[in-house]
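The whole structure should be built from the sequences, with the hints applied where relevant.
So the chains spell out like this:
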Amino acid sequence: MNSRSRIYSLSVLILVLLALTLGERFVLAQGSDPGSPGPLSVTREEYNFGDTAFNPTGFPGPVELAASIHYPTSLSAGPYPVILLLHGRHATCYLGGTALLQWPCTQNGSQSIPSYKGYDYLSEVLASHGYVVVSISANGINARDNQVRDLGALARAELIQKHLDILNGFNTTGGAPFGTRFVGKFDLTRIGTMGHSRGGEGVVRHFVLNSAQGSPYGIKAVFPLAPVDFNRFAVNGSALSVLLPYCDGDVSDLQGVHFYDDARYNVAGDLSPKHYILVMGANHNFYNTIWSPSSPFPGSADDWLAFVPGGHSDGQCGTIMGNHRLSETQQRGTGLAYMAAFFRAYVGGETQFVPVLTGDAPPPPSATTNELFVSYHAPDDPDLRLDVNRLLDSTNLTTNTLGGAATPTDLSPYDLCGGAAPQPATCLPGEPNARQPHTTPSARSNKRGLSQLRMGWNSITGMYGNELPGGTRNVSGFEAVQFRVSVNFADVRNLDDMAQELRIVLTDSAGNSSSVRVGDHSGALYFPPGSVGPVPKVVLNTVRVPLTAFQGVNLNTVRSVQFKFDQRAAGALLITDVAFASAPR
Amino acid sequence: MKLIRKDLLRKTYLAAACVLLISAAGTQAAAQSDAVLANVMKMTGKLIAQGKNNQPIGQFNLKTYRVEEISLQKSVAVELQGKLVNVDRAWRITVTGGPFPVRALPAVIWIGDVPAGNGAENERLSEISVLVFDRSLLREGAVIALSYGENKNNREELPEKLRMTGK
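Listed in order, the protein sequences are those of chains A and B. Note that this note's numbering numbers the first sequence so that position 412 is 412, with each residue one more than the last. Start counting at 1 in the second sequence, then tack on 585, and there's your number in this note's numbering.
The hints are simulated quantities; they were obtained by calculation from the structure and are not laboratory data. Keep in mind it's a predicted model, so treat the numbers as computed, not measured. For glycine and all other residues, C-beta sits at the position ideal for the given N, C-alpha and C. Treat the hints with caution; some may be incorrect.
These stretches of chain A come out as covered by chain B in the derived footprint (C-beta under 8 angstroms, 3 or more residues) [claimed, not checked]:
hint, stretch
1, 96–102
2, 312–324
3, 428–439
Examples of chain B residues toward chain A, derived with CB under 10 angstroms [claimed, not checked]:
hint, residue
4, 618
5, 640
6, 706
Structure follows, in structure tokens:
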């Protein structure tokens, strides 16, 4: 046997040994598309302890304890990380073709609408990669949540905690209907939660509840999907990702962006990453198969068409020729890709998917579309994030977060809006709240929205600069310079359907400069599309430019970051979160 | 204009259907308050106003309204203008039509330009009701409207204005 053959044989032997020792986890590490099915066969079962088995605190009616559970059939490895899914508000029962809102379903012959089954497409894929996925039913909450002040957030949180208690029982001593099958099979120190719509606020409220109880369960990742945020609780200390559908006809103001905005700087030293994904052709309901028009159950709808007057005529979200709407299957692909990436990265430790979440990698094939934008806020770790200008209050207009000068040149306006008083509450006066998600009011909170730099230029001499004082100039350890930005569609200096452009210029202490055009690295300077009802919208998306793109400048001594508006004769933008940042490790 | 705006804001506050009892027992007090208001919502009321239209109109197939006065057996503490006030009457405003969609954003009933509060649907999704504790909100001739979320621009108006003398 020659040396090459010996090396090959040895390599194969090593691979086999790794597979045998690491088992399913080694197999799971292969593959680059997080939403592609995995190698494990999957079993789906359900448990149901009755329609009136649970009574959340102070809630005006009983709630069912029922759920589906997807898991790797063999259960040969483990304990497996757990993902828990919670649907949102929807009709609860049906009789023939009529949807009803009651619980239990007591109308003669009425049956329950199984909203909890609507995420089976996600559960199957995650389970095939070695996760246990539990999707819980919350019809009892939906039937009466408009009767309580917080619109059901606490009840949903308590329901999730109750189900985790049930899983804990299965995991420790076993119990009906599964016997001892799951004993030792759930890793309840590694849990991810996803909630859709009001369920999205439910999982956030649950995170807070679990924390208040001393964190008996290890919630590592929280994913509000097209969520409401009535009460403005925040997730800190756990990975967060929010999915915002641009064509959401139900939560049309995309208020769930508050979850990201509120959690960025409120806890010093928060080591958890935060993300959101803006899916340009997505609506609210298609993420749940039971709520989608193809569903056999009453109450299903295309929410954009059903709830937005004249919505069919919109060029982005409607049905006219050239619209950018995703089909049900395509849209679920976006949810599958990014929810799977998120949970596999932050619950399962499959860190190869982090670039998808930071936007450093393009959407994977399972996402079915590139028409989406990923935003990322790095952990508050000096090795991972250096805030140049947080743009939180008026001092940041002249002095940035590092204590260096913030300098506008030929900019008008140049002010802050959207944040705490005395800033104006909105950045686009005269535009409806639904078109400005970052500042949309909350139903149960007086909290203000995102503080944003509102700026514009009328000539190519326009410039916005931030100096880095001595002691802060070594940015060589970071991966990228980044900021969040939206084109201000309400400013006539931005032309309809035309993307904006600017250059980022880094200058070092020796006076060497390097510049990069944002458009070469990001599509975030798009002109917000749509014209009917809640669109167009300003959503500030992250532009993240790798520092390797800046040639000829010494990254150990960067003294300034400038935005030069010399690529378009005029324009107006909303900007925040200027920083150097790296992906979480 | 400022006085009018303040008055409208005050009425909005007074008209809140579900209010939080602010106390050291926070969540528990809120739970008790929710339970109390849920019970009030279920109580039988005296019909004091009702419209007559039975032709559905608009996106929500709105038809008509009714207003019922509810005498509380025991006074209820509600927060009005930042203070806890005991009230012994409530008014339930109901809008009919539908079937109303069950969606994430709550339905809001408007009396004129004032959001009366988040409405609760009935089981058949043919009615949405809200409780108010300020009688002065029920202004004769006011436009009654429905929106999802407190979205003034997307209100759908009932064909009949509020007539407190008709039933």
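Three-residue Cβ test at 8 angstroms for the coverage of the stretch 96–102 of chain A by chain B | holds (count 5)
Can residue 706/B be said to touch chain A, with a Cβ gap under 10 angstroms?
-> 5 angstroms, holds
Closer than 10 angstroms between Cβ atoms is the bar; does residue 640/B clear it against chain A? Give me holds or violated.
-> 19 angstroms, violated
Stated coverage of the stretch 312–324 of chain A by chain B [criterion: 3+ residues, CB within 8 angstroms] = Three-residue rule not met by the stretch 312–324 of chain A, so violated; n is 0.
Chain A contact restraint for residue 618/B - C-beta distance below 10 angstroms | Hint holds; residue 618/B Cβ to chain A Cβ min 7 angstroms, cut 10 angstroms.
Given that the stretch 428–439 of chain A was listed as covered by chain B, double-check it with a C-beta distance under 8 angstroms for 3 or more residues.
-> Per the Cβ count (3), the hint holds.
Of the numbered hints given earlier, the model fails hints 2 and 5; all others are met.
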